[in-house]
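Number of protein chains: 2
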Amino acid sequence: MTAASPNGPNATVGPRSDLTAVFELAQQLRVDSVRASTSAGSGHPTSSMSAADLMAVLLARHLHYDWQRPDDPGNDHLIFSKGHASPLLYAMFHAAGVVSEEELLARYRRAGSRLEGHPTPVLPWVDVATGSLGQGLPYGVGVALSGRKLEHAPYRVWVLCGDSEMTEGSIWEALDKAGRYGLDNLTAIVDVNRLGQRGPTELGWDLEAYANRVEAFGCAALTVEGHDVAAIDKAFEYATQSERPTVILARTVKGQGFSEVADAEGWHGKPLPSEMAERAIGELGGVRRLTVRGHGPRPYQPPARPAAKEVRLPEFELGEKVATRSAYGKALAALGARPEVVGLDAEVGNSTHAEDFAKVYPGRYFQSYIAEQQMLATAVGLSVRGWRPYAATFAAFLTRAHDFIRMASVSRARLALCGSHCGVEIGADGPSQMGLEDLAMMRSVHGSTVLYPCDANATVALTAAMADLEGISYLRTTRGGYPVLYPAGEAFPVGGSKTPRSSADDRITLVGAGVTVHECLAAADTLASEGINARVIDVYSVKPIDADALARAAEQTGALVVAEDHRPEGGIGEAVLGALAERSVAPRFAHLAVRDLPASGTSAELLDAAGISRPHITDAARRLLSG
Amino acid sequence: MTAASPNGPNATVGPRSDLTAVFELAQQLRVDSVRASTSAGSGHPTSSMSAADLMAVLLARHLHYDWQRPDDPGNDHLIFSKGHASPLLYAMFHAAGVVSEEELLARYRRAGSRLEGHPTPVLPWVDVATGSLGQGLPYGVGVALSGRKLEHAPYRVWVLCGDSEMTEGSIWEALDKAGRYGLDNLTAIVDVNRLGQRGPTELGWDLEAYANRVEAFGCAALTVEGHDVAAIDKAFEYATQSERPTVILARTVKGQGFSEVADAEGWHGKPLPSEMAERAIGELGGVRRLTVRGHGPRPYQPPARPAAKEVRLPEFELGEKVATRSAYGKALAALGARPEVVGLDAEVGNSTHAEDFAKVYPGRYFQSYIAEQQMLATAVGLSVRGWRPYAATFAAFLTRAHDFIRMASVSRARLALCGSHCGVEIGADGPSQMGLEDLAMMRSVHGSTVLYPCDANATVALTAAMADLEGISYLRTTRGGYPVLYPAGEAFPVGGSKTPRSSADDRITLVGAGVTVHECLAAADTLASEGINARVIDVYSVKPIDADALARAAEQTGALVVAEDHRPEGGIGEAVLGALAERSVAPRFAHLAVRDLPASGTSAELLDAAGISRPHITDAARRLLSG
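Note that the protein sequences, when read in sequence, are chains S and F.
According to this note's numbering, the first sequence is numbered sequentially starting from 129.
According to this note's numbering, the second sequence is numbered sequentially starting from 129.
Since the hints were derived computationally from the structure, they do not count as laboratory data.
Treat the hints with care, since some could be wrong.
Pairs count within a copy or across copies, as identical chains cannot be separated in the list.
[Claimed, not checked] Pairs of lysine-lysine residues, derived as DSSO-like cross-links and limited to a Cα-Cα distance of at most 27 Å, are as follows:
no.	residue 1	residue 2
1	K487	K437
2	K487	K398
3	K487	K277
4	K398	K449
5	K362	K487
Take the sequences, apply the hints, and build the full model.
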């Protein structure tokens, strides 16, 4: 069914169009949302229809964007925190003339299509992947932070949120930071359609309740009838002028525009069957062919970044006892000579030593307080604008942001993460503070690089290397001080390993990383005193791991002990086994890892209690050799 | 240095003592916090000193607790959300007469001690492990929920929070649910000492800002001078009478009572050196020997739980196409015949099918809305009171609660978790909704059980088995419907496996779980048509995994292909390699897993694109056999 648009076929809608035309655009977005999802046989038309007026007004009259040049630095940013409303987003792209009708109808949610079920940055107009609710707004805070504090750019950040996702704590971490950072360039638009996936939302249409929360968290709240284009227009105008970040709470109806589903339960995430879709399109006034010609980007020439100064990395003396977390801080401070490097903390910068960077570059250092999810989201948002964020907290507490790390990989974000205080090595603070699952978590992230140095010079080299890695890289650092094993300036290629001990007649290989390298070396000393030459391999690059060196050692020595300060699952031992299996090498094998629940104690006591200390490694080697 | 108490040595303090005596108790808690941490050489005395008056008033006059009978069902619950203030908590235990002075001074933070750096339930008076900030209050909500909605018990739940942790989104998820559930038996006490680990907190002493947030989230806020024992006493009295959950915002001074550190930066997490400790004890009036005799528990005889009805588990016909997520819902609804079983949802119960339980047992089903962290915390809190919570969401979104799952293992909690919509199998919704890292996450949890059934009858058996497992158990379910392979009533022991296809002359073993079992069977059919007999093993128990069956198959067939709908890291392939390495068996090996970033498509298209479908398994087998 095709109906002529009241504005005529092929009419354009823009800032000077009257609001009737904008309403027509909204109806077009609804119709196209229905058509795309019905054609795909899945998707969320009703969640798109509720927000169509909001997005039509934004697209035609308030968004500053050059659709042909999505990389224009002056472009506004539009993030669909409610990523399931992708039919609406793609209908907007169609209205903006960058996605054809054919693509919208024939490719949405199909294999190999860029019009995925939830938006990802394979589309040039999409900054970040969404679809895990409560994440788009936190990312928006990161992008807006860049605009206000780092770029001093004129762009605005618009985030469309669902009302269901307002129960995620991450939303409140985001609004708290938006208020604290004074991000007047950020507007969140909450589509309060009162219906979640399985029924009514917690707060329904109680806009006042939402507004009270928003205001208490330091942002300006504005309530609006979400299908009144004139009211919406005024609200956006207000938000643009506001000196605070603004949250527009729009009362909307799920499925608005089609009486058979409007405000009805049971229609979340369901495309309309073809006959219903026909009736919906009819009720919505038929298919339209409006094209949007909105505002172009505000003029903005990004200031030339100051030329990178020479990076003078710190150097440590052989034998000096240095904690790798301390070396991380010093290396990061040195890397600050590269103007794109930004430091992020979650209130433990004096422990992770991220604070060293803050002392030199306070303007490029952002405090998240204890809000690890927002720290990660800020990092993702900054990476959208080309910054190179380094975010650090305790390895254990990075688990708090696991879903954000996972989604950052879908966003193809480039991030450097550092987790300090790994393993039982931390000592008396006990298991709540021990990163014992972080390697499993970070290894399983798509495209990640996982690094775990055992000394200060390795840490420096790897911290520096992270600035040029694609994807999400992770550096695991240790609390206590251990002797420097490698000379300053030595190369530590990602994917490589070191062999600090070897001989022509090694009978066994001891594999460690971080603190267990030192334990392996001590065990090798003991074994040597018994006439057994042991090779020691430092797999500082846990992912990718040096399969060649491991396979060679396994073939040459025939026996291999892995000791790791981590749970047995998903860590170094399994990485080694995977690498050896790929090479079809199968040495005798022993795997020492933290198998029980640790408590308090000294580092040495806890390494020993966990069975990963030098005597345990020595014993395991002896058993393998006698077995 | 020992000073006589103004109330005489060995005096007792209790509800009828005057407030001067309560203040003396507070000073004792400070002195003992200083002594314990100085003696240990680590710990957080200043964070203990700020909250000492609050806890002295609570301990002497408001907490209803039989210290000799920590399992008394009428006991109040006290949770230190700021777990680093363990010196204060242990000083309270000492004052209550259940921890000796010798233990406090000689054992705190030592190896093998129950007085760990952060409290854990190895102590009988501790419900849950804390130390990852922002978690204690969410757990308190779970305990209070049990008291109000399930037990109708008279106990109160008191949670001591730090001010720094109020920036965690999880705190606001907790307060939102406390308000929504109307938990008038819950009192949170926020020790607003204005100093975090590395400097001033975000909101400093702005009690009004905190109060606005608390009220906006549906709880009553009360501000109080945190060193005025009379004012504190009144505030607790008010909270006890309040018809809403109450948050007492107490203005305090970090290091209160010792002028050299009071309100000073740089003293977080640092024990006082011995000489300073001496001066502190002097300024605090010396060592006291007060004993608390507070209120006993309110009389409460828990109602006898209704006798368990017979559990009539659902049964499915061989060959019937059923989604395992659907079987989970039906099994859970049947398990509801056991009165201790409770269901939890995070707004996706119609997708996970947890809703099936809600339909039969609405009174034992709690909606968390989209707040996965709080869903986990509620589960932990309910498990404290002996309930058997089953909490479900998409496998992908369980990563949101990773830190809570990790800490639940330190709490020795018994939980059943279900993650639906695992892997690329989900189809068109795309990677944001695909659980691809959940096996790595859940395997690395201490003491966890990880289950991944391929058919409906296996799902039923395993869902039922989870009710009797210790620790944290995890069931991974699939979106689409697949044929029932096993007869109803068949046993699926944890740690076992099934071999749905085998012969005396199998030349290769195909290992799968969940959807890939079906792919392996199809591949075995193809191979059989080529004259190659392939064994198929269904490792429905991923942790513990059936090392015997795998090793036997590897030895008998000499070649093994693992196919999994999960990232290659930390999943089934590595679990299999670990099991084989333990048995010193090394077959030729191929590992098919999801190595790229998936997009949208049908299940079949995506399994194929990921290289884990039947033709890929067949090819991998052929390659291994010809290699």
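Going through the hints against the structure:
In the homo-oligomer, the alpha carbons of K487 and K437 lie at most 27 Å apart inside one protomer (17 Å), although the nearest pairing across protomers, at 65 Å, exceeds that limit. In this assembly of identical chains, the alpha carbons of K487 and K398 lie at most 27 Å apart only when taken from different copies (22 Å versus 53 Å within one copy). Taking the shortest alpha-carbon separations for K487 and K277, only the intra-copy value of 17 Å comes in at or below 27 Å, while the best inter-copy value is 51 Å. For the homomeric pair K398 and K449, the shortest alpha-carbon distance between copies (22 Å) is at most 27 Å, but the shortest distance inside one copy (61 Å) is not.
In this assembly of identical chains, K362 and K487 lie within 27 Å of each other by CA distance neither inside one copy nor across copies; the values are 44 Å within and 45 Å between.
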